[in-house]
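The task is simple: from the sequences and hints, build the whole structure.
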Amino acid sequence: MKYKVLNYKDTRSGFGEGLFELGQENEKVVALCADLIGSLKMNAFAETFPDRFFQVGIAEANMIGMAAGLTIGGKIPFTGTFANFSTSRVYDQIRQAVAYSGKNVKICASHAGITLGEDGATHQVLEDIAMMKALPGMTVINPCDFNQTKQATKAIADYEGPVYLRFGRPKVATFIPYDMPFEIGKAIVLKEGTDVTLIATGHLVWEALNAADMLEEKGINAEVVNIHTIKPLDEEAVLKSVKKTGCVVTAEEHNVLGGLGESISGLLARTVPVPMEMVAVNDAFGQSGKPDELMELYGLKDKNIVEAAQKVIVRK
Amino acid sequence: MKYKVLNYKDTRSGFGEGLFELGQENEKVVALCADLIGSLKMNAFAETFPDRFFQVGIAEANMIGMAAGLTIGGKIPFTGTFANFSTSRVYDQIRQAVAYSGKNVKICASHAGITLGEDGATHQVLEDIAMMKALPGMTVINPCDFNQTKQATKAIADYEGPVYLRFGRPKVATFIPYDMPFEIGKAIVLKEGTDVTLIATGHLVWEALNAADMLEEKGINAEVVNIHTIKPLDEEAVLKSVKKTGCVVTAEEHNVLGGLGESISGLLARTVPVPMEMVAVNDAFGQSGKPDELMELYGLKDKNIVEAAQKVIVRK
Amino acid sequence: MADQLAKKCTFASITKQKKSKIMATIDELKEIASQVRRDIIRMVHGAASGHPGGSLSAADYLVALYFESMQHTPEPFDMDGINQDIFILSNGHISPAYYSVLARSGYFPVSELATFRQLHTRLQGHPATMEKLPGIRIASGSLGQGLSVAIGVSRAKKINGDNKLVYCLMGDGELDEGQPWEAMAYCGGNKVNNIIAAVDYNHKQIDGDTDDVMPLLDLKAKIEAFGWDVLECNGNDMEAVVSTLQIAKEHTGKEKPVMILLHTQMGMGVDFMMGTHKWHGAAPSDEQAEKALAQLKETLGDY
Amino acid sequence: MADQLAKKCTFASITKQKKSKIMATIDELKEIASQVRRDIIRMVHGAASGHPGGSLSAADYLVALYFESMQHTPEPFDMDGINQDIFILSNGHISPAYYSVLARSGYFPVSELATFRQLHTRLQGHPATMEKLPGIRIASGSLGQGLSVAIGVSRAKKINGDNKLVYCLMGDGELDEGQPWEAMAYCGGNKVNNIIAAVDYNHKQIDGDTDDVMPLLDLKAKIEAFGWDVLECNGNDMEAVVSTLQIAKEHTGKEKPVMILLHTQMGMGVDFMMGTHKWHGAAPSDEQAEKALAQLKETLGDY
Ligand SMILES: Cc1ncc(C[n+]2csc(CCOP(=O)(O)OP(=O)(O)O)c2C)c(N)n1
Ligand SMILES: Cc1ncc(C[n+]2csc(CCOP(=O)(O)OP(=O)(O)O)c2C)c(N)n1
Ligand SMILES: [Mg+2]
Ligand SMILES: [Mg+2]
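Residue numbers (our numbering), protein chains in the order written: chain A, 14 to 329; chain B, 14 to 329; chain C, 451 to 753; chain D, 451 to 753.
Incorrect hints may appear among the rest.
Only pairs whose alpha carbons sit at most 25 Å apart, straight line, appear in this in silico DSS-like list of lysine-lysine [stated by the list, open to error]:
| # | chain 1 | residue 1 | chain 2 | residue 2 |
| --- | --- | --- | --- | --- |
| 1 | B | Lys184 | C | Lys728 |
| 2 | D | Lys641 | C | Lys641 |
| 3 | B | Lys41 | D | Lys582 |
| 4 | B | Lys256 | A | Lys324 |
| 5 | B | Lys167 | B | Lys184 |
| 6 | A | Lys314 | A | Lys22 |
| 7 | A | Lys15 | A | Lys256 |
| 8 | B | Lys329 | A | Lys257 |
| 9 | A | Lys22 | A | Lys257 |
| 10 | C | Lys614 | A | Lys41 |
| 11 | B | Lys184 | A | Lys329 |
| 12 | C | Lys670 | D | Lys641 |
| 13 | D | Lys670 | B | Lys41 |
| 14 | A | Lys314 | A | Lys303 |
In short, the hints are calculated from the structure, not lab data.
What follows is the structure, given as structure tokens:
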């Protein structure tokens with residue numbers, strides 16, 4: 014199957030649409046926002062379900078605590094703010110009141126990564142996956158386009174337990190068919206191949222698909238695995254692919270330290286150690302710029318995946 | 014060289030002693046504490062240098078901001094609180110005001126890991142290494158005994174830049190000679206060997222040395238590398254050892270996800286993929302108990318390292 | 451005897467009470483509080499760790515809540531607590547007091563208090579939900595988070611049309627944290643009217659007097675400026691506590707959230723633990739435990 | 451012209467001034483503020499992103515600080531700022547106002563304002579130190595942290611025997627965060643007396659009026675209860691700002707920290723940006739920028 018651009022949409026709008034539908038379908042779903050309703054695309058939910066929506070002001074710690082409390086009484090709270098303020102600002106609150114307490118809270122985080130753009134490094138969190146995956150019991154999901162984000166938003170409402178859902182700001186290609194099955198914790202093999210496994214998450218999945226096309230032209234047959242659920246990691250899918258290809262490139266909009274790449278390297282080191290390359294931000298803060306300029310500058314484009322693939326194949 | 018138990022002391026006392034000496038030697042050194050002076054062993058400094066000591070109450074975020082501000086004016090601030098409240102409570106503050114701002118702040122964290130004991134999981138942070146290593150520009154140090162903690166405390170005052178210094182609560186074996194050279198970022202090969210590399214940090218270093226002895230009896234010649242500086246990682250030392258032994262066991266008092274083990278696995282996957290096993294907490298929260306009971310329960314003892322070594326050697 | 455008295459007290463609050471009835475109950479409550487204090491000493495001594503100081507200062511309030519003011523069903527324990535009053539402990543380190551009151555009011559066997567802080571216990575050093583100890587609805591221990599959780603519970607009750615109340619206790623040192631002020635701003639700004647919060651105002655924290663560590667200044671004025679009604683009472687006088695809780699209830703359902711400043715003494719009930727911060731988080735030796743227990747009447751039978 | 455006026459104003463404050471001198475200066479300050487407002491519009495328009503609303507409401511205060519009240523040396527820029535007044539911006543999103551004032555007072559070339567938010571710029575979306583833009587001493591953007599940093603600077607000054615002052619500006623919505631209250635408690639409790647803090651009290655934040663998003667209630671009463679002297683003035687009236695800053699200075703060195711509530715209007719100076727929160731973080735179109743600039747006199751020459 015060949016993936017086509019269906020349209021260009023922001024993943025956060027997939028979240029907004031999914032949340033709004035959840036509001037209609039599931040009375041238990043409530044939402045909280047820390048003075049960023051528009052940015053999080055929560056307007057439709059907030060306006061249609063005012064009794065189930067909580068504006069908490071610029072007080073993210075209080076928001077997480079409130080969300081934990083709302084589960085006591087049977088609600089399914091979705092919190093919304095930028096990724097940095099969803100994680101790094103409130104890690105201890107998530108840790109104690111959500112993860113350790115086993116509460117059914119969905120932490121929904123927009124503007125993750127450098128594609129947030131002009132606001133710069135204080136807002137461009139590249140460490141949130143590292144933080145959230147280190148929390149026992151936390152499910153960590155980073156969907157790749159509008160459709161998958163909407164699917165994920167709806168899926169996590171049905172899953173009982175803490176979830177971190179990460180998405181982004183800019184309009185990007187939508188290419189996942191809206192009816193493609195989405196299952197938490199199940200990797201999706203988007204393209205089969207034999208020479209190298211490209212494992213990508215979030216905005217990098219589209220780059221990986223393009224990279225696979227570019228590699229094809231060079232006579233390299235790449236397998237593209239979409240890991241939308243970083244934790245729990247679909248180890249079986251990863252190992253199955255790696256056993257076939259014998260080498261891996263991971264791709265993510267995150268610091269190379271602590272992210273998906275290291276999760277995969279840890280898994281492989283314990284099972285089948287094979288050569289790996291990681292396409293990720295190389296332990297640096299972001300900066301202001303347009304999303305695409307930054308993807309280019311920090312080496313997160315399809316061509317970087319191609320280079321990494323060529324390099325890793327040689328190391329087999 | 015054979016390491017002997019010199020005495021049993023808590024690593025936090027090494028910090029307290031080092032800080033007190035720094036107070037005498039370096040006028041620029043100031044210290045801040047968030048209502049835990051006794052636990053952090055900061056009494057001597059606080060009493061002797063009241064003008065350079067700041068009690069901030071139970072307000073860790075304010076403490077980090079104050080520390081960042083104190084560098085503007087040439088001070089070298091050392092902050093002290095429990096490891097959980099030194100990291101997970103204040104990650105965004107460290108991120109923006111210390112790491113991204115490039116401030117010369119030393120974040121000193123006691124009661125790290127499960128050996129904190131009876132207080133239980135809300136205090137036993139097992140994710141702090143993951144968090145701190147994901148921060149660009151942060152130096153992350155986890156010394157192994159009283160002497161090394163004291164050495165590290167003094168060394169970081171001379172180093173210009175943000176540092177996270179992690180130490181523990183219980184009395185443990187002191188075995189590093191007080192005059193052994195300590196250099197930030199330089200691994201120490203405590204014992205040479207050819208069959209397997211044991212890479213350990215913090216309280217696990219002593220366990221690794223004991224494990225090496227136990228392996229010796231089984232005819233396995235283990236190399237023991239003490240990584241006190243987790244970031245920047247001494248890649249050269251690791252690779253040199255691994256090229257010799259061909260397999261690795263890492264050992265740390267931290268979640269297996271995001272810690273030293275994953276850092277090593279990432280490095281090896283990009284260079285020389287070899288079989289690895291990780292001795293660490295297996296993605297679980299801690300609980301109340303005595304330090305030793307917990308080390309046993311969570312599989313962080315010498316015998317666990319021995320098992321892991323035997324397992325990894327077979328996989329070579 | 452423990453169970454009978456516990457039962458009686460638990461349900462006493464459900465029926466409307468006459469003045470004489472209240473007076474009788476106050477004596478019973480004092481008796482329970484004495485036993486709770488014994489439990490605290492024995493638990494902390496048994497574990498050789500834990501926090502007696504704040505546990506002793508807050509004991510009377512917790513007893514008044516669980517045995518008099520709150521409408522709650524210890525068994526079967528239901529996490530959601532629909533149509534029950536719900537209590538959220540923010541200053542989790544006073545777990546000994548909390549556990550004792552929960553056990554004595556029937557949430558779990560009193561004998562289990564002996565497992566406090568032991569490996570595999572349900573009575574973790576700080577309250578936790580993972581081990582499923584009945585009565586605990588949220589973990590605490592890292593300070594400053596409880597009032598936020600209480601607000602969430604209160605909002606769920608509003609949505610559910612459940613007109614029971616949410617109680618929350620915080621330490622005074624805990625108010626150094628910013629998060630309680632975020633939560634107070636939320637309640638004041640949004641006229642949350644089904645929460646009764648309280649502060650164990652014992653003027654002590656780990657490193658010393660709050661006035662030395664981080665002065666709270668005019669705490670009442672602060673909280674009032676955040677939009678709350680503030681009540682004050684001697685938090686170690688059972689009659690004052692019970693009647694202040696009654697007044698607080700009358701403040702609910704109106705325009706403002708209500709906060710009770712419980713003027714207490716750290717270490718209350720054990721002479722050598724009072725007037726100092728040293729017993730915030732220190733366990734008594736065998737001898738000290740004995741000396742302490744000699745001052746506390748055994749009223750319901752030790753565990 | 452820009453440089454001359456900038457220089458004149460920068461050093462005007464160092465010499466003791468007579469009343470008439472001040473009056474003259476106020477007109478100059480207003481002229482500078484008009485140019486700063488032009489810069490803000492042009493920067494945000496040029497970058498097609500950024501935060502004009504709060505930048506415009508706070509412009510007068512920043513001009514008063516940098517061109518009148520503060521004693522500072524733009525060049526050579528010294529991170530430690532020994533024997534200089536130091537300003538810490540907490541609400542980093544008003545970087546356009548901050549950058550303009552820094553450039554206009556000689557910290558870096560005015561022409562560099564054109565690089566705002568462009569790739570590789572020293573003028574990051576939010577103030578940053580990494581690119582070494584002179585004038586910036588700490589990164590901000592994540593709200594709530596600046597006052598804590600200011601306290602640290604003030605403590606360093608105390609240790610160094612440096613009796614210059616530390617200034618800090620915060621947003622009003624920013625006060626929803628808990629951390630500013632931790633910092634305020636520190637200052638009030640420890641009688642920090644070399645800080646002048648201020649709030650851009652424009653009653654607006656991203657999602658709307660502060661009264662709708664998170665009511666601040668009686669903000670003055672809150673801050674006073676935290677141990678501060680609180681002054682108030684029209685933060686968009688240059689004369690009021692300058693004289694209030696003068697009064698604030700007289701409050702320093704005494705018992706209490708001092709806070710100025712600057713009653714301002716978001717979007718001040720551009721009619722269609724006032725009376726709404728919509729321009730908190732939105733860039734004007736070409737046409738809107740033109741309309742805005744037509745309302746703001748060019749006094750020092752556009753960059
Ligand atoms: C966020 C956080 N910081 C620090 C601590 C360590 N700590 C535990 S109790 C305590 C003092 C609490 O004072 P207070 O609330 O007055 O309780 P009391 O001592 O009166 O029992 C501190 C600092 C903690 N548990 N959580
Ligand atoms: C910790 C944090 N949370 C959220 C944001 C996103 N944010 C940026 S500005 C802003 C509103 C700030 O309001 P105010 O302080 O009143 O500034 P004004 O809108 O008046 O300029 C918010 C929510 C942030 N930058 N930092
Ligand atoms: Mg107290
Ligand atoms: Mg505002």
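Verification of the hints:
1. B:Lys184 to C:Lys728: holds, 22 Å
2. D:Lys641 to C:Lys641: violated, 33 Å
3. B:Lys41 to D:Lys582: Measuring from Cα to Cα gives roughly 23 Å; hence the hint holds.
4. B:Lys256 to A:Lys324: holds, 21 Å
5. B:Lys167 to B:Lys184: Holds - the C-alpha atoms of B:Lys184 and B:Lys167 are around 21 Å apart, at most 25 Å.
6. A:Lys314 to A:Lys22: Satisfied, since the Cα-Cα distance of roughly 18 Å is no more than 25 Å.
7. A:Lys15 to A:Lys256: Distance ~24 Å between A:Lys15 and A:Lys256 Cα, so the pair holds.
8. B:Lys329 to A:Lys257: holds, 20 Å
9. A:Lys22 to A:Lys257: Violated. A:Lys22 to A:Lys257 sits at ~34 Å, over the 25 Å cutoff.
10. C:Lys614 to A:Lys41: This hinted pair holds, its Cα atoms lying about 19 Å apart.
11. B:Lys184 to A:Lys329: violated, 47 Å
12. C:Lys670 to D:Lys641: holds, 20 Å
13. D:Lys670 to B:Lys41: Status violated; Cα separation ~37 Å.
14. A:Lys314 to A:Lys303: holds, 14 Å
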